[in-house]
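A.B. asks: Sequence:
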Amino acid sequence: MASEGIETRVATGDSETYILRCGLKKAISHPIVPITVQDVDLVLLLFALAPPESNIYFMKPGKKEVEAKLFSTRKLQKELFPKSSSFSMHSVAAT
Numbered sequence: 285m286a287s288e289g290i291e292t293r294v295a296t297g298d299s300e301t302y303i304l305r306c307g308l309k310k311a312i313s314h315p316i317v318p319i320t321v322q323d324v325d326l327v328l329l330l331f332a333l334a335p336p337e338s339n340i341y342f343m344k345p346g347k348k349e350v351e352a353k354l355f356s357t358r359k360l361q362k363e364l365f366p367k368s369s370s371f372s373m374h375s376v377a378a379t
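The number in the numbering used here is simply the position in the sequence shown, starting from 1, with 284 added.
Derived from the structure by calculation, the hints contain no laboratory data. Backbone N, C-alpha and C define an ideal beta-carbon position, used for all residues, glycine too. A portion of the hints provided could be inaccurate.
As the list claims (entries may be wrong) - Pairs of lysine-lysine, DSS-like flavour, derived with a Cα cap of 30 Å:
#1 K362 <-> K347
#2 K359 <-> K310
#3 K309 <-> K353
#4 K359 <-> K347
#5 K362 <-> K310
#6 K347 <-> K310
#7 K310 <-> K353
#8 K359 <-> K348
#9 K309 <-> K359
#10 K362 <-> K344
#11 K309 <-> K344
#12 K359 <-> K344
#13 K310 <-> K344
#14 K362 <-> K309
What the hints assert, rightly or not - Computed Cβ-Cβ distance ranges for the label pairs, DEER-style:
#15 G346 <-> R293: 23 to 29 Å
#16 E337 <-> T301: 20 to 26 Å
#17 E363 <-> T292: 29 to 35 Å
#18 L354 <-> T292: 19 to 25 Å
#19 R293 <-> E349: 27 to 33 Å
#20 E363 <-> D325: 16 to 22 Å
Please take these sequences and the hints and turn them into a complete structure.
C.D. replies: This is the structure:
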């Protein structure tokens, strides 16, 4: 994968949080960051940790007859919370 420019890492301990934190760190210097894992519950954790200005994509791969799902932190923040409350909700969720 490295020869194709794809960065890989091995997580020890809490792999889900590690994956998300690596993605959030990349979002500082990259305009779009994709994260692919199996657990859709991580969307909530990603949403809580992502800064409002980031645009991180979370993809749950499809299996057999189930289609893949794609979530965007920016889209979720805009849809779930009006501009006036997104900062306060982000602050509460991150603490």
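A.B. asks: Tell me, which hint numbers fail for this structure?
C.D. replies: none
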